[in-house]
Each structure stands twice: as structure tokens, then as C-alpha cells.
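Colleague: Chain residues, written in single-letter form:
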Amino acid sequence: MEWLTDPWAYPFMQNAFLAATLVGLICGITGTFVTLKGLAFMGDALSHAIFPGVVLAYIVGGSFLIWAMVAAVIVAVLIGVVSSHARLNNDTAIGVLFVGAFAVGIAIISTQQTYARDLTSLLIGSILGVSRRDLYLTALVGAFVVTVILLTRRELSAIAFDAVFAEAFGIRVRFYELLFLVLLSLTIVMSLQTVGNILVLALLVTPSATARLLTVRLPAMIGLSAAIGAFSGLAGLYLSYHLAISSGASIVLVATGIFALVFLFSPRTGIITTAIRQQRHYPHPEHDTFASS
Amino acid sequence: MNTTPNGSSWLETDSLSVHFGDRSALESVSLTFAPSEIVALAGPNGAGKSTLLRCLAGVLQPSHGVVRLHGDVIHRPSPDVVYVPQRTAVDWTFPSSVIDVVLMVRMRRRSRFRPYSKEDRSLAMEHLAIVGMDHLANVQISQLSGGQQQRVFLARALLADGSIYLLDEPFTGIDAPTQELISGLLGQLCQSGKTVISATHDLEQAAATSDRIILVNRTVVAAGPPDEVLTAANLGAAYGGHFSALARLAGKDAA
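Read top to bottom, the protein sequences are chains A and B.
Taking our numbering, the leading residue of the first sequence gets 1, the next gets one more, and so forth.
Taking our numbering, the leading residue of the second sequence gets 1001, the next gets one more, and so forth.
Calculated directly from the structure, the hints in this document are not laboratory data.
There could be a bad hint or two in this list.
[Said to hold, decoys possible] Estimated spans, in silico, between C-beta atoms of each pair:
| # | chain 1 | residue 1 | chain 2 | residue 2 | range |
| --- | --- | --- | --- | --- | --- |
| 1 | A | I59 | B | S1117 | 52 to 58 Å |
| 2 | A | I59 | B | R1112 | 49 to 55 Å |
| 3 | A | D118 | B | S1117 | 51 to 57 Å |
| 4 | A | S131 | B | A1129 | 44 to 50 Å |
| 5 | A | T120 | B | R1110 | 47 to 53 Å |
| 6 | B | E1204 | A | A260 | 50 to 56 Å |
| 7 | A | G100 | B | V1073 | 37 to 43 Å |
| 8 | A | G223 | B | T1088 | 27 to 33 Å |
| 9 | A | T273 | B | D1091 | 21 to 27 Å |
| 10 | B | V1073 | A | T273 | 41 to 47 Å |
| 11 | B | S1063 | A | S131 | 53 to 59 Å |
| 12 | A | V148 | B | P1225 | 51 to 57 Å |
[As the list claims (entries may be wrong)] Interface residues of chain B toward chain A, partial, derived using beta-carbon atoms under 10 Å:
| # | residue |
| --- | --- |
| 13 | V1059 |
| 14 | P1077 |
| 15 | P1095 |
| 16 | D1100 |
| 17 | M1104 |
| 18 | I1141 |
Just so it is clear, CB atoms sit at the ideal spot from N, CA and C, and this is done for glycine as well.
Model the full assembly from the supplied sequences, consistent with the hints where possible.
Modeller: Here it is, written out as C-alpha cells:
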């Protein structure tokens, strides 16, 4: 029991636990649509693209959220412009621009005296530094993101299922895709302090990919993904506290571990479970009729 | 070349051209469609059939020319035009059940703050029953056969209830009973005053089930009743010289 209650004695740990759980939960929900729309690469790109904004907020001061959103919008528009060139596809445009934006961020931060430490905390997060105020902001942004996703669930899933039909049906596909990119950027910015720039992608993709293996119903997938995300945040922070390892890394490792377990042993789709089931149905494949001929 | 069954402007394209970059997909296509007719858009792969359907659906804006629906130039999709995508263009592993796919078209009538109502569900079930899929309403869509997938799409299209139906390859890769069911339902739509336009590369199917065939290969090669359109000369023009077998078959039909 002490193992569970010990960390809660410190106020900064209380904040950290709440932040980790909240971020896991919200990333799980947003991540469901990232997985369904095949936007993992875009998520990765956005998390890097907002990096110069975060760096500027860090140096110049001001709200992380606003700077990061400005950076995200600029890069998203540039991706649109570059990929509209007939010879370059979307992936290429994303690839070119996100590394470019990331480099701008590193260039700016390298002008600072405390370069190495600042860079590390931005890249892998600094969850123990989460203040009450940060926590409120996370909760507020998270509530906004989740509300908008739930209200636009039908449009988002219609577009993920079949964008051309959605468009023909009168859904403004471009508007909803842009809206989703904004929500995705907000989710990423909100998660930066907890898990950092590099690991946020894991919280967006891993819990939802796990949920996808477990269910064929969208509402269940959203719920499971949120639950796995929240659990990863909570359990990861305990691990980090007791084993003295980086919190961002241990949160992601818990999520990855759950994914691995489900991938191997899930009742319906696990690769080991499936192999065992097949073994039971066809116990001796070599004793086929062919063997006698 | 392009027949006009009556004078009304129900749905028409006026010198429609579509270019993708420096590639031209459609060149000056002018067509008129009337109520109560079944039209097949036929032509080889890459002839621009899907592109033309997308223009008619208001999803793709032509590079030149216009599409007019009930006399007005369309700039975006109209609820009166129901589009049925090609079966293979869709992610069938998506976490949805059969009834979820059909319910999609009730979205506009339902507040985003509420779940679908009993009425929505019973309407969806009714339309699934029309295509003989009501017993599979709660099945995950990845478990459907090609014919079943097409039936679900048709149920959804019927529930959407427009006056013009655009279908992309509705008969491709499906079983014979489903083909029969679908062509029967399309016939009923036509009798109730709707226009049914389907893209197909199956000329026999098109000849047997359509009032009019439009042969397309980047532009309109020929348009009219099947026996007038499916001549060796027209097929040669649409498919190139290699399709002599096709041309012979059509020559027999026309004779």
C-alpha cells in the first residue's frame, strides 16, 4: 500500500499524477482519430513543427499554447502549399517541413546559455515542474478538445471511413480536417510538459492502436483508448518514482508494454492466441490426405 | 451525338473539362440526363468515368465548363444527388457495424448533441431489409462479402433519398444474386422518377440494364440506346483497336 500512497505525500507529485492521467486520457481520445485516419506521421510532424513556437515561448515569454499554435498553423499552411505542387505528395511535404521547423527551434535554443538543459526538458518533458496553474490549463484545453471531438464524432468518422462519400454527402471535409489538425495541435501542446516533444506521439498512437486490436466498435475504441492512456500515465509515473527513471519514458513504456501484451495475447486478434487456436483446430497438419498418397 | 430525351434541364454538363496538373482527364463533355432513366457510363480503365461521376456529385470542381442541376450551376454537393462510392475505395476495417454505415446519412437530420433516435434506427433497419441485410445489422463491416458490402451501400443510398443516384462500379466483383437485386432496385428507382447513372466497364451488363449508354474515353465517344452505341466503330474508338473481341460481341448485339 505504501508503494501506492508514498508518492502522493509531495504536492509536486500530486500535480504530476493528475497531469499524467489527464494527458493520457485526452491523448487517448484524440489519438483514436489519429489512428483511424492514418495520421501518425502528421502527428509526429506537428509535434516537431510546434517546437520553434515552444522555444520562443520559453525564451521570449508568453503563453506556450499561443506560440505553439502559431507555429503549428504556419507549418500546416506551408504543408498545404508544398503538397499542392503536382510533383510532391503530402508525405514528402510533411517530411521536408517538419524537420525544417524542428531545426529552426534547435537553432534558436542553441543561442541560449542553458542550451543543453532547456533542450532536454522540452524534448522529454518535465512533469515534476507542473504547477497547479499548468494543471488547470491542461484540464481546460483538454475539456475543450474532447468536447469538440465528441460533438463532431459523426463527421470525423464519416471522413475517416470514406472522405469522398463524406464530401458528396455535403460534409465540409476540408473544414473538419483543418479543425482536427487544430485539435491535434492543442493536444500535443497540452502534453508537452508531461511527456515532451518526442514521446507525445506514443501517447497519441499506442493506446488507440491497442484499443483497435481489442474492439470493433468506435465508441468502445474511444473509451478503451482513453482508459489505456490514463492508466499508462498513472502507472508510468509510479514506475518512474520507484525505479528513478525518466517519467516521460516510463509512461510511454507502460503504454508500449500494454500494446505488446494485447498484440500477442488478445482473445480475438492476438498473434499467439490465434496460433494456439489454429493449433487446436488443426492439430496435425502433416497428417493431411496428401500424406497418404 | 448526345441525345436529349426531353427538353427539361434536369441534370446536365456543359463543355466540362477536368485537368490534373498537366494531365487531362476529361475534355469538353456535354451531356444531358432526364428523370426516369438508367444511364451507364462505360469505357476503359482511366477513361474518366469516376472523374465524371465526381463532377456530377459536386465533389470535384471542373477545370472548365459547368454542371447544372435543375437549371442551377452547382459549386458544391447537393442533398438531391446521392453518390455511391466504389466499394474498394473504402476502409472496410473501420470499426463500424453495418447499421452504423447506413445511419451515416441521418447525420444531417440529427442534432450533434443527441444520439441517433429510435426512428433513425428503425428506418435504417427497414432499408437494410430492402437489400436483405437486416439480419446482419450488428455485424462488423470487415466481415462482409463484396456483394454484402454493395448491398449496405445501396441501403444507405436509398435511405439518403435523392432524385439522382450516381454509382461507381456497382456491379463489379459481386455475386449474381446481388447483381440481380441491385439492378431490380435501380429499376424501381427509375420507375419512381429518379435518374440512375452508373459507371461500369461491363458492357453486357450495361446493355442489358440501361436505357442509355454513354461511351467515354476522356471525352464522349458515343451516347444513346445500347444497340446504337455498341457498334464496332464506337467500341474501337473508345477502347482502341485491341478490343476486337469486344467489338465482335457488340457487332452481334447491334445486328
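Colleague: Hint by hint, note whether the structure agrees.
Modeller: Hints, verified against the model:
no. : hint                          : verdict
1   : A/I59 to B/S1117: 52 to 58 Å  : holds, 54 Å
2   : A/I59 to B/R1112: 49 to 55 Å  : violated, 41 Å
3   : A/D118 to B/S1117: 51 to 57 Å : holds, 54 Å
4   : A/S131 to B/A1129: 44 to 50 Å : violated, 59 Å
5   : A/T120 to B/R1110: 47 to 53 Å : holds, 49 Å
6   : B/E1204 to A/A260: 50 to 56 Å : holds, 52 Å
7   : A/G100 to B/V1073: 37 to 43 Å : holds, 41 Å
8   : A/G223 to B/T1088: 27 to 33 Å : holds, 31 Å
9   : A/T273 to B/D1091: 21 to 27 Å : holds, 25 Å
10  : B/V1073 to A/T273: 41 to 47 Å : violated, 57 Å
11  : B/S1063 to A/S131: 53 to 59 Å : holds, 55 Å
12  : A/V148 to B/P1225: 51 to 57 Å : holds, 53 Å
13  : V1059                         : holds, 5 Å
14  : P1077                         : holds, 5 Å
15  : P1095                         : holds, 5 Å
16  : D1100                         : holds, 7 Å
17  : M1104                         : holds, 6 Å
18  : I1141                         : holds, 9 Å
In this structure, the earlier hints numbered 2, 4, 10 are contradicted, and the remaining ones agree with it.
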